[in-house]
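A.B. asks: Residue numbers (my numbering), protein chains in the order written: chain A, 1226 to 1397; chain B, 3 to 203.
Treat the hints loosely; a few may be bogus.
If you want a taste of the chain B side facing chain A, the calculated C-beta under 8 Å gives, among others [stated by the list, open to error]:
1. F37
2. A43
3. S62
4. G72
5. P76
6. Q78
7. A104
8. W105
9. P133
10. G170
11. S171
No lab work stands behind these hints, which were simulated from the structure alone. The structure presented is a predicted model; accordingly, all values stated were derived computationally and were not measured. Here a beta-carbon is modelled for each residue, glycine too, at the ideal position from N, C-alpha and C.
These are the residues of each chain, in order.
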Amino acid sequence: MKARRNFTDHEIACYVLGIERAIPRQEVEDALAHDNAAAARALKWEAYFLGIVDALPPCAPDETLFAQIESTLGMQGLTPGSPSPAPAATSRPGMGPDGHGAYQDMNAGADAPSPGQRRARRRLASWLRRWRLPVALALLVLAGVLLLVVWAGLREVPSTMVSEAVHLLDPR
Amino acid sequence: MPRQTDGLAYCAYNGRIIPFCSNRKDCMTVSVFDFDNELQACAAGDYGAFLALYRQESASMYALALAMLGSEPPAQVVVHDTFVLIWRNAAGYSPAIGTARAWMYSILRHRARALRHHLGAPATDHSRRLPTLHFPDTQQADTGLGGSLRNLPAPQRDALLSAYLYGGSLDTIAAQLGRTAPDVQVSLEAALLRLNEAVHA
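Excised from the complex, chain B in its bound form:
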């Protein structure tokens, strides 16, 4: 049975205590889950580590896949394929290249984009609304990368979110947002600059 401690639920598993986020607000900026370690354990064939990764991240991955694809069946396929690829390619991951979590999401987003392309999703879908982002209210969350994302002006954040979820050309992103392509380009460049500055600040 999971037990509640400091905003995180902990679950005894395979002799280890595995934390997972029960309260996303507390988990946004700090995650105590060691993705790198678990992914490297997967590379060694540790089934428990694979299950821990699934338990930790499947709900967030599914939420992202749903936001990208708009319906449940393809989102399930993408999460399925992502975890299969994570297991099969875990040995190819190196912490020297980047974080394990970023590596996992690069696979998920690549699969989601490929599936959307395969399904022939329209470049612009005006019926699709950008999902609402829920940023934490804590003072700590105003700093760093999370704070920077939260504090982006709405036009910049919307341009970034639309590109991240749906991709496409500047024209299609602009059409999605009811703006012009140069306007979207300016917003995106400003947003990327702010994110980079927030990390290096």
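Same shape as in the complex, but just chain A:
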């Protein structure tokens, strides 16, 4: 197993700044995902640079943005104080899901499907486009058969019930 190298504070600061250097970002991200001390150093630098954020004039996003976020998270209709689906717990405190660090692509997109899901969706869409007419006809036929079955089950059946009691043990 390849040993992870320890990165200096300066190297981590450069990584957090986004400076591309000789060290591949993936190596640093791997260290951040597995080494709490390295992750703490990265967040330390991120906190230092917040002075830049605070010196930028704030700008309110579109008013509909929060509604979009709620929609993505399935939170519509919630009011403050009402119970909401708790976010899924992650595997490692301080890190993102699956042990990934905050600097890694936590979900590769907040609501973006994985490449596998995207392929499956494309295949399904293509299949539906190609077979939409036969599928529609088959569904119509199926619906007709179901209607027939229901009708046959509900229609009045000629009565075969014996209306007079039969006394099997009657000594007559």
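Given the coordinates of chain A, assemble chain B onto it according to the supplied hints.
C.D. replies: Showing chain B alone in chain A's frame:
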């Protein structure tokens, strides 16, 4: 209705008083908003805490995303994705690793960089000017980290700001600033050293 007190606006919400910055100058060095507490409440599924975080930080996050990406639609996408990820991953945050606010911005900047890469933004865009930073004028702001950033010599501050917003190699940062790569490297190293010293002073 928000009410104005000591330079901060307070908003009654869910039985709590939530402060948010109405005057950025007063909020630069001291923020009374408890990010750690609100983020941990999000991890427990507290919708009110999530809304409070959004109200507190969305304008600053959007301003940063705009500065990084240069236009509104991708900036909105980044802020959207960031808050979705904050909610989904709140349980993964631990105060032992760092501050909640730094954690949130690490997500935002990572998403912004990924989107810029995805959109194929040019490594160097000479039409893009560095945004003007507005530091507070108070005497208190001359000390500590805020003061250190404010008092950085312009070449150091510009190198730091360009790297923070646009990233890239030393060559691309140098081309953006019309300087040489070794010059930018020296400026960045000096700026990082000064920031670190300011915190430990």
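A.B. asks: If a hint holds in the structure, say so; if it doesn't, say that too.
C.D. replies: Going through the hints against the structure:
| no. | hint | verdict |
| --- | --- | --- |
| 1 | F37 | violated (11 Å) |
| 2 | A43 | violated (11 Å) |
| 3 | S62 | holds (5 Å) |
| 4 | G72 | violated (13 Å) |
| 5 | P76 | violated (12 Å) |
| 6 | Q78 | holds (6 Å) |
| 7 | A104 | holds (4 Å) |
| 8 | W105 | holds (5 Å) |
| 9 | P133 | holds (6 Å) |
| 10 | G170 | holds (6 Å) |
| 11 | S171 | holds (4 Å) |
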